[in-house]
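Participant: Those protein sequence lines, which keep their order, are chains U and F.
Using the working numbering, you'd call the opening residue of the first sequence number 1 and step up by one each time.
Using the working numbering, you'd call the opening residue of the second sequence number 1001 and step up by one each time.
Just to be clear, a hint being listed does not mean it is correct.
Listed next, the in silico DSS-like pairs over lysine-lysine satisfying Cα-Cα at most 30 Å (straight line) [as the list claims (entries may be wrong)]:
(1) LYS175/U / LYS222/U
(2) LYS122/U / LYS1159/F
(3) LYS222/U / LYS176/U
(4) LYS184/U / LYS230/U
(5) LYS122/U / LYS135/U
(6) LYS230/U / LYS1159/F
(7) LYS135/U / LYS176/U
(8) LYS1005/F / LYS107/U
(9) LYS222/U / LYS135/U
Just so you know, the hints here were simulated from the structure itself, not pulled from any lab data.
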Amino acid sequence: MSWRVLRLEGVGKDFDRADGGVAQVLRDVTLTVERGSFFTLLGPSGCGKSTLLNIVAGFEGATTGGVSLDDTPVTGPGTDRTVIFQDVSNALFPWMNARENVEFGPKMARLGARARQELSEKYLRLVGLDADGGKFPFELSGGMKQRIQIARALANDPDILLMDEPFAALDAITKKHLQVEFRKIWNETGKTIFYITHDIFEALLLSTHLAVMTAGPEAGIKEIFQIDLKEPRSPSNPDFAALYSRVESLIDEEVQRMRAR
Amino acid sequence: MYAGKLARLSVSILVFTGVWWTSSGTFFEAAIVPSPVSVAGKLTEMIGNAELFAHLGASLRRIVLGYALGCLIGITVGVATGAIRLARDLIEPPLEFCRNIPPVALIPLVVSIFGIGEIGKYFIISYAAGIAVLFNTAAGVLSTPQIRVRAALCLGARKRDVFARVVLPSAWPHILTGLRIALGFSFMGVVAAEMLAADQGIGFLIMQSTNIIAPAEMFVGFLMLGTFGLITDQLFRVTIHRLMRRYMIPMA
């Protein structure tokens, strides 16, 4: 499918509260994500980032507004958009080994055994697990499981990877390695990334575009940055540091606002 | 390590048998609690005249058929109640009610309806097994992580793929747990049914022994229940362990 932009227009989302009222989680979110970009949504916890990702994935419908790829509205989950979940233990199929997990998408696409095997070999190699195809998720560390989830998504050749804080549950060292490697993978595969995080450093390290969200309820977009930092990106770079404190102060503002309420 | 475990097992069995032996004829009258020796003698006699096999055969046949039927119904209805909202809302309330009625309590009614024939016994065992399997299956289907289903949808799974390739495998460990519990319930069901209305079977053997004052026969009955319960449960454990290696779920 050839498209140019992923568009979110006036997206709002209400939830029914337990007390019978209505909670307005998202309000009037408008964004444009260009094909091939690494678009990160950064915001304080509980601001509705994941809800927004679920709407883009097609798992949930928006209460107002909508999501479209060029002019084709998103009406449900599709193989053009694949989600990488943070809770990788539940996201993987525990009764399948790494290879079988990666081959799930190709199998659903009715590819033959040979073609499936080529894909799983290729993508397991890409994430550095070519020797671990026969292992089951319970035999692998959190970082390795997340690599498998990434390989599983890529083997399905989606246009967009929707990533919901994929590295947030990992230890600091594993996280750092995966961030660097994932940026390489993004470079090599040229996928469009829609990435969610509450980690400013991660956002600046990875993204080409960064949208900072306002605090919920009625969360929206506070500011959007295009990131053109010198490569390789490093926190010791003055531009990196300056942008970091700028984004940090925006987030702090939102946290203050949320506390004051 | 292994030798130590074996030693402890031997001590455990020896102490248990010893307590039984010494209490027979002292703490309990030998006419009520016979000694292991007289029970062993009775066992040999009953094997010799094939009486034991008649009782054992009758009970095992009832368990196998009743259990199989109960599991079949339990899995089918359990999957339906777990997967289909409408089925759950319609079927679950009466089932929640029924699960509080122990199979034994139904025996008088079952005897009035089916008489003392085999059908009533199959019914009791199927009921006992079916309820356990049903609730475990439904719980398993319901506990499938939402994101696993969502992941499958992103990867191009259609609705029936999600059911067959994600929901059922996710429920599998729960279903097997239900099947194992149900096996124990089947033993209870068959004994209860045979005690009240039968002319053959281990339950009948135990009940009849008090009428004809043959305490050793009663203990042969206990021996059979304990032994076959243990064997089937162990077989089940090994099978589950084989099947569940992929899930790495330790079964107690």
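Participant: For a C-alpha distance cap of 30 Å, please report whether LYS230/U and LYS1159/F respect it.
Facilitator: violated (46 Å)
Participant: Run the distance test for LYS1005/F versus LYS107/U: straight-line Cα separation, threshold 30 Å.
Facilitator: violated (47 Å)
Participant: Does LYS176/U sit within 30 Å of LYS222/U, going by the straight-line distance between their CA atoms?
Facilitator: Cα-Cα ~27 Å, so holds.
Participant: For LYS135/U and LYS176/U, compute the direct alpha-carbon distance and say whether it is at most 30 Å.
Facilitator: holds (24 Å)
Participant: Does LYS135/U lie within 30 Å of LYS222/U when you go C-alpha to C-alpha?
Facilitator: Roughly 44 Å separates the two Cα atoms, so the pair is violated.
Participant: Taken at face value, is the distance from the CA of LYS135/U to the CA of LYS122/U at most 30 Å?
Facilitator: Cα-Cα ~17 Å, so holds.
Participant: Take the C-alpha atoms of LYS184/U and LYS230/U, compute the straight-line distance between them, and say whether it is at most 30 Å.
Facilitator: Measuring from Cα to Cα gives roughly 16 Å; hence the hint holds.
Participant: For LYS122/U and LYS1159/F, compute the direct alpha-carbon distance and say whether it is at most 30 Å.
Facilitator: This hinted pair holds, its Cα atoms lying about 28 Å apart.
Participant: Keeping to a limit of 30 Å between CA atoms, is the pair of LYS175/U and LYS222/U held or broken?
Facilitator: Distance ~27 Å between LYS175/U and LYS222/U Cα, so the pair holds.
Going through the hint list in order, the structure does not satisfy hints 6, 8, 9.
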